[in-house]
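The chain contents come next:
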Amino acid sequence: MTAREVAIVGIGQTAYGKALPGTAWDLALEAILGALADAGLKPADVDGICRFAPPFEPVSEPQLVRALGIPELRFFAESPLGGEALGAVLAHAAAAVTAGLASTVVVYRALSQSRGGRFGRADGRGPGGPVGSGKAGGDGPEAHVVVPEEDNRSFAWPYGLMSPGQLFALWARRYAVVHGLVDEDLTRALGSIAITQRAYARGNPNAMMRDRKMDWDDYRGARMISEPLRLFDLCLENDGACAYVVTGAATARRLRDDPVYVLSATQTLSPYREPMGIYVTGELLELFPPSTAERLFAEAGVGRADIDVAEFYDATSYMPLRSLESYGFVPDGQAWRYVTETGTGPGSPLPVNTHGGHLSEAYLHGMNGVLEAVRQLRGTASNQVPGAEVALVGAPAGSAMILAR
Amino acid sequence: MAVVPGMTELTAPYWQAARENRLVVQECQSCRQLWHPPLPRCPHCHAAGPAWRQVCGDGTIYTYTVVRHPTHYAFADQVPYVLAIVELAEGPRLVTAITGAAPEEVRAGQPVRVVFREVADGVTLPYFALVRYQGDDHGTA
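Protein chains in written order, with this note's numbering: chain Y, 1 to 405; chain A, 1 to 141.
Derived by calculation from the structure, the hints in this document are not laboratory data.
All residues carry an ideal CB built from backbone N, CA and C; glycine is no exception.
Any given hint could be a false lead.
[Stated by the list, open to error] If we take Cβ atoms under 8 Å as the criterion, some of the chain Y residues that face chain A in the derived model are:
(1) W25
(2) F155
(3) L170
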């Protein structure tokens, strides 16, 4: 991809809430129609769709084509592995536009966790379907739960390693071990991130936690979920949808004065380094090869110092901490000190998760971070970083994008 | 109620060995590398037909978490429990749980040894227990 060949011309979203009245399908439509209206486009203009692959994204291309009345979709692609899709869907959309396979590509993510599929529960309909509901020994109270083998889940679930929060707790503990942190160091680092993001959410009318103050007493007093992670180290569970529209740069400039250009977008996969990888043969903390971040910046033609704001995927507070290191903003092993001493709040060298993130705005698989980056670059964010020109949006497993105005 | 592993052609030998109180990992017949979880071929030299090799059962805690909030009803009466990644003496790492220790006793780096527990009829899981040396609560001689 060549920098500035394509742009994001429209963004749209629903309200975020614990239990919204619409189905995921309806929420997706609301967000997409909003994004198209924001871009000055009509549904009939859409000829491409890129999305997170099932089982994560519940709303399909045929559902959208039908409900939006898109005459013909000529490019559609799906990216697997949950959060790993974050940069990939944009990379695919941008590649389609530059290759001439599509001219107007919609990217979306819809979630209705209130209707089943809560990411924080393993015994309902999880994002992978009714996993673990298979019974052996009849349906009586003594029936056992049989975990079908899929991606090594049968080696983890029988021990009670079933949810992302538990897995990320293993990562966070490993971080403390490798870098010699005592519990209090880790608490202060994770709490600094959670409290900073809550403060951002308090200034964001879209944020689910906009009315909920949180100080150190609140943070420390919250119950432990999976040590060292407390309640407020974990993301929200909610309903909602986000969408954006990608076109070629020339079209984007005709549509609006402030298109947000795509400088680069990456996807990456190495052995056992899928987003929830745990059998990494090297150091568990290295979630993607350093070359991935180098590629992201090299293709964009910018350096770390050029990034004005970062939106890091934060299923837990540990991920922005580690992302500061793995994307090269802070040396390995120093982010825990950096977030407590320098911080990521307003006026810091690199404001992070200025919408409140998954911890305090809403959980949309990273897509709400993309929308926040676009608002920052347009100069219309609630917690505007003055003069923001270049933004990075990144997931912990290395799927990322650099955007610029 | 227990949560038990579903098995495939590839993974069944691991669980069958556990039933016999043996901990096994795959070993390449050609380049002798070991790995876990199971793969159809050696990920290093791509030789087919890896063998199952019994390991000594000793290892160290690579990382761990004390789960205090159950995310599945099957574990509602088991919290708190200690999940761990254990690095075997032979190299590969396993997801497991630490048994026979209070959560506050568990530290990364501690030596552990496999113990087998039948969790359901015909289903045995390898767990790990702290290796305790006399006079040292943390087993770090």
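We went through each hint and held it up to the structure:
| no. | hint | result |
| --- | --- | --- |
| 1 | W25 | violated, 27 Å |
| 2 | F155 | holds, 5 Å |
| 3 | L170 | holds, 5 Å |
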